[in-house]
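Engineer: Which chain is which? The protein sequence lines are A and B, in order.
According to my numbering, the stretch in the first sequence is residues 245 to 403, in order.
According to my numbering, the stretch in the second sequence is residues 245 to 403, in order.
Worth double-checking, as some hints may not be accurate.
With a straight-line Cα cutoff of 25 Å, these simulated PhoX-like cross-link-like pairs (lysine-lysine) come out [what the hints assert, rightly or not]:
no., chain 1, residue 1, chain 2, residue 2
1, A, Lys302, B, Lys246
2, A, Lys350, B, Lys329
3, B, Lys246, A, Lys246
4, B, Lys302, B, Lys246
5, B, Lys246, B, Lys329
6, A, Lys302, B, Lys350
7, B, Lys350, B, Lys329
8, B, Lys350, A, Lys246
9, B, Lys302, A, Lys350
10, A, Lys302, A, Lys329
11, A, Lys350, B, Lys350
12, A, Lys246, A, Lys329
13, A, Lys350, A, Lys302
14, B, Lys302, A, Lys246
15, B, Lys350, A, Lys329
Partial pick of chain B residues on the chain A-facing surface, computed with a CB cut under 10 Å [what the hints assert, rightly or not]:
no., residue
16, Ala260
17, Asp266
18, Ala267
19, Thr325
20, Glu328
21, Ser356
22, Gly391
Hints were generated in silico from the structure; no laboratory data involved.
Every residue, glycine too, gets a C-beta built ideally from N, C-alpha and C.
Number of protein chains: 2
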Amino acid sequence: MKRSELADMPCSLAGALAEIGDAWSLMVIKELLLGNRRFEGIRAQTGMSSNSLAQRLKALEDHGAVSRRAYQDHPVRYEYTPTEKGISLWPVLVSLTQWGDRWVRKGAPPLSFGHRSCGHDASPVVACARCGAPMTARDADARMSAGMRRDRALRSRGN
Amino acid sequence: MKRSELADMPCSLAGALAEIGDAWSLMVIKELLLGNRRFEGIRAQTGMSSNSLAQRLKALEDHGAVSRRAYQDHPVRYEYTPTEKGISLWPVLVSLTQWGDRWVRKGAPPLSFGHRSCGHDASPVVACARCGAPMTARDADARMSAGMRRDRALRSRGN
Chain A
245 MKRSELADMP CSLAGALAEI GDAWSLMVIK ELLLGNRRFE GIRAQTGMSS NSLAQRLKAL
305 EDHGAVSRRA YQDHPVRYEY TPTEKGISLW PVLVSLTQWG DRWVRKGAPP LSFGHRSCGH
365 DASPVVACAR CGAPMTARDA DARMSAGMRR DRALRSRGN
Chain B
245 MKRSELADMP CSLAGALAEI GDAWSLMVIK ELLLGNRRFE GIRAQTGMSS NSLAQRLKAL
305 EDHGAVSRRA YQDHPVRYEY TPTEKGISLW PVLVSLTQWG DRWVRKGAPP LSFGHRSCGH
365 DASPVVACAR CGAPMTARDA DARMSAGMRR DRALRSRGN
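Just chain A, with the same shape it has in the complex:
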């Protein structure tokens, strides 16, 4: 089963993963959000092969998460900028980075996130948009739409 088949599932997680559920695509988005926007610069920081990087940039461009413009003509060289769709991946990168800080790397985090408005280290948390309280899986109820319930019932019966 290929990752692209996830696009056909009635599930937003699957839809997201079909487009950017690949470790290297997320490493590329991280570099772009850090302001590292040229091919050679991204290659140097990620250690990716040119082929692999070109393929990820093309896919991100095809999905509308990255836009490309030439910054030099002879030879032609491109700069890659995250679009609004790409910039909106920031919470995904933050949550993965924090999980990595806590469970994989340990020790002092190499990268932290300052909050410009208040000036402090933000240590971003997931919070309820209604009451503002920080949330974890334990405070959350998964609420499925009628369509999703129906779809899951069919799948569990093997249809």
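Got chain A sorted already, so can you dock chain B onto it with the hints?
Structural biologist: Below, chain B without anything else, positioned relative to chain A:
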């Protein structure tokens, strides 16, 4: 370059992706957090092949994100439970799901998150742990440790 090589980079995002930066592993974690904890049930909902699912469950167990216990003896059948490490992936799943709702699937979200304490639809947001304000990439300053700066300078010089 293999995904496992990401584990050697001094980067928590890379470390996280080395362990769970695979679309199918995240689909499995989603099922476990929804309470779907048996092999056949997960297979039915994700559409994964038995091989592919067994391989992901084994990797998640090896990384300590999932624990396994037999719930039946003849034949032996296992139930898979997310550990604290697995449960802590909730913010990753939420942020990916919300990104998919907004940019990939569109229409009414199949799955939303209620907040048990306040009873409302949480529409979880990333917020500053210090001042509580919701944050986006535009309010955030990436703050690199001295070690990370040094490592990036070396990489950009090709060392």
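Engineer: Could you run down the list of hints and mark each one as holding or not?
Structural biologist: Hint by hint, here is what the structure shows:
no.: 1; hint: Lys302/A / Lys246/B; verdict: holds (20 Å)
no.: 2; hint: Lys350/A / Lys329/B; verdict: holds (13 Å)
no.: 3; hint: Lys246/B / Lys246/A; verdict: holds (18 Å)
no.: 4; hint: Lys302/B / Lys246/B; verdict: holds (18 Å)
no.: 5; hint: Lys246/B / Lys329/B; verdict: holds (23 Å)
no.: 6; hint: Lys302/A / Lys350/B; verdict: holds (23 Å)
no.: 7; hint: Lys350/B / Lys329/B; verdict: violated (31 Å)
no.: 8; hint: Lys350/B / Lys246/A; verdict: holds (22 Å)
no.: 9; hint: Lys302/B / Lys350/A; verdict: holds (23 Å)
no.: 10; hint: Lys302/A / Lys329/A; verdict: holds (15 Å)
no.: 11; hint: Lys350/A / Lys350/B; verdict: violated (37 Å)
no.: 12; hint: Lys246/A / Lys329/A; verdict: holds (23 Å)
no.: 13; hint: Lys350/A / Lys302/A; verdict: violated (34 Å)
no.: 14; hint: Lys302/B / Lys246/A; verdict: holds (20 Å)
no.: 15; hint: Lys350/B / Lys329/A; verdict: holds (13 Å)
no.: 16; hint: Ala260; verdict: holds (3 Å)
no.: 17; hint: Asp266; verdict: holds (7 Å)
no.: 18; hint: Ala267; verdict: holds (3 Å)
no.: 19; hint: Thr325; verdict: violated (13 Å)
no.: 20; hint: Glu328; verdict: holds (9 Å)
no.: 21; hint: Ser356; verdict: holds (5 Å)
no.: 22; hint: Gly391; verdict: holds (6 Å)
Hint compliance for this structure: hints 7, 11, 13 and 19 are broken, all remaining hints hold.
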